[in-house]
Amino acid sequence: MLTKFVDTDSDFNLEVAAEYGYKLVSMPYSIDGKTIYPYEDFTTFDPHSFYEMLRGGVVPTTSAISEEKYTAYFEPEFAAGNDILYIHFSRAMSMTFDTMDKAVAALLQKYPGRKFYEVDTKGITIVSYLMARELGDLLNKGMTAEEAVEWGKKEVDHYVQYFFADDLKFMRHSGRVSGLAATMGGLIGLRPVIHMSTEGKMESIGTVKGRTQVMERLVQYVEQTGLDIKKHRFIIGHTDAPALVEQLSQMLHQRFGEDLQIECVTTNPTAGSHCGPNGVGIAFYARNRWK
Amino acid sequence: MITETLTGKLFSAMVSQGAVKLDGNRQAVNDLNVFPVPDGDTGDNMYMTLDAGVREAAADASLSEVAASLSHGMLLGARGNSGVILSRIFAGISEGLSGLDQADVKQFAAAMKSGVESAYHAVSNPVEGTILTVLREGVEGVPAEGVPDLEQWFAALMEAMRASLAHTPELLPVLKDAGVVDSGGAGLLCIVDGMHDALCGRISESRSAADPAGKPAVRLDDFGPDSVLEFGYCTEFLLRLQTAKVGPVDAFDASVIKDYLDGAGDSVVCFRDGSIVKAHVHTHTPGEILSHVQRWGEFLTVKIENMTLQHSEVTIQDHFSQAPQQADYVRHRLRYGIVAVASGAGVVQMFKDAGVEEVIAGGQTMNPSAQDFLEAFDRIDAETILVFPNNSNIILAARQAAELYRKARVVVLPSKSIGEGYVAAASLDRDCHDTDELVASVQETMDSVQTCLVSRAIRDTQQDGVTVHEGDYIGFVHGRILSADPDRNEAARLAAAQLDLAGHDVALVLWGQDTPSDQAQALVERLQADYPRTEIIPTDGAQPVYDYIIVLC
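The listed protein sequences correspond, in order, to chains E and R. Under the numbering used here, the first residue of the first sequence is numbered 0, with each subsequent residue one higher. Under the numbering used here, the first residue of the second sequence is numbered 3, with each subsequent residue one higher.
Don't take each hint at face value.
To be verified - Straight-line Cα separation of at most 25 Å, BS3-like style, residue types lysine-lysine; simulated pairs: (1) R:K409 <-> E:K200; (2) R:K409 <-> R:K178; (3) E:K208 <-> R:K178.
Unchecked claim - Far from chain E by the CB rule (all over 12 Å, computed), these chain R residues: (4) D62; (5) A162; (6) S229; (7) E405; (8) V479; (9) V508; (10) R535; (11) T541.
FYI, nobody ran anything at the bench for these hints, they're computed from the structure. Glycine is no exception: its CB is placed at the ideal position from the N, C-alpha and C atoms.
If we strip away everything but chain E, and leave its shape as in the complex, we get (with noise of 0.2 Å):
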């Protein structure tokens, strides 16, 4: 048997997950001290209270988790005879794999025979979501956890992600984006755009002035870049954005057809720490990566 895991960085929820049959890795923040672990500590999501408390000045931190933690998720799974199979967000993006890595080398001696395959979506939030969803497609329709390995190196970089960010003061916080312009930005509507590189980072490739200018430019990405958008699933991602998503969801299907099938995802409470509200990104499939 196979067991298959995703993280709650990747914007799963327990819903979602449950449609696909994968098991939550979850990720964590903290406020005050106190730290919370998604869908567990909680089993609904309520991101406006939380973006608002974001509003409010509040500044969550995040932490990767231990190797304790990891062998509590994946033991019983060895232990009752099943291999592993965990589709995660970007190794590059945290420290936490070197955690997990020591978890299941000590599983794997422990448990000889067995197997753990991993997929890096070199991504977070919407574009693992992306990946995990058509690849969960795939698992169901037979695909096996090798050829998924296989599948996830030679798709990765066709799995695009862009999106943009209201205030500045997250992402320097986060200290996570590289490339981030100097000024400070303030209330001149300056926001950078960023995007996962083929290594797994976030970059930032530009700045734009203007919330609807902004838009544009991710409609533009779609056009010089999406490739089959409409074969595959396209998603928007926001953290306590609706009234831009109902705005760049009306652009795209302006730009790309009513046929376009769009769907939302709010941005995890993890990974919104290091963005902020107001945020809004896009995750589709094209060509390549921006290079």
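Guided by the hints, dock chain R onto chain E, whose structure is given.
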């Protein structure tokens, strides 16, 4: 004063004054402590190490006896990586002064070289760009011949150390990224500075207790049940070698301990002084290390600190707060500091949020003086100070102050409105190395901004084709009246209609202290509906005089 001979008494006084100087700057040195891992506070660790030595140092004995007692005290008191290295520097100096009742300049210079060797030898993997480099380049920078007295020798040492310290960010990218110089090197320069003070007769006695009283308590809750031991433990111990375990202590090769530690942890500093081995190591498993090394001796002291907690402690401190009496070489000097003139709590906050260091209260009805500017300049430590006067009546005073100021280059950017100054400050590229290029870019930004003001007319007038009645609200740009209406929102809307609002990506609407927020909200909604492509950003500016300031950028 000319001192050609160093006595024990003088050396003791010099080191003591070094401790005074370091004490006065230790918070500033702590604030530089961003490298290589959170390992306590460099300033505190170096001070406590030096203090332990000064307390043990014989005050009135031969030079070699003073140096040996100082070194022994520091050995026992050494804390942290930087403290341990400092203790090895003084151990090396002591070795170099061994047997001397007093020393001339050449003998002391040779002892300092011995200090350099001892420090490098104590560290398993010497890293350049650290205290080691600052010491070595400092000592190498003093001419080998022709320095007649210790005052000149120390002056030359300080000059070379300063240059070396300033160069550390070029050697270590992590320092450059953080915009700081090496903390250990800065601490060492403080000590040498104090020693030089004593040589020149500048003695002060005030020194605080070794344990930093004002040090914030470690927040134990920062390491909770689910926390990850990200940085391991800073582990230090003094081990007394035991004959029963290693045989004749003198014949025991203590390098086996260092070799073991090198394999077991990071940031290893380990050395032997007689039968005592002092070690510092970063490890995730201190228990294993202590169990292992106990095969060679018994512990005199052990200190283990969770560095993840220390890291939390560092992050909650204000990294750039400045201590009084701060030496210039430990300051975090900004490349650019910004001064702006503004009034209204919301407007002032906007400027601060945009990274403006000093906001001087003022504006249309209250023009600050040149003196106000000079005082603001003094509160900023930057290579270049940029000034946004934000009103044409204030530009001259700002320029006058700029001409008078000598401690930094001051550039007045002649912003004539809050809008010009704010947009330019918020989009300033602080990484730009070329000030002239920066100024040109700021000017271009300011030229692209339009600021429309809405205020109440105090008399009837007919101007620019607009009829104004006393009490009307008028909308105007650079003194040109665009609209007049008894309703402030209508005056604003009509003025906006005459500006190229649709041609701008963003309009910032600041409402004043006399404008009800629900009215302001209504204006924002109306403008957003009229100009859907323009992002309207509302802010409670709480400014006096102007009911609205509308900034187009």
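Violated hints - listed by number, lowest first: 1, 3, 6, 9, 10, 11
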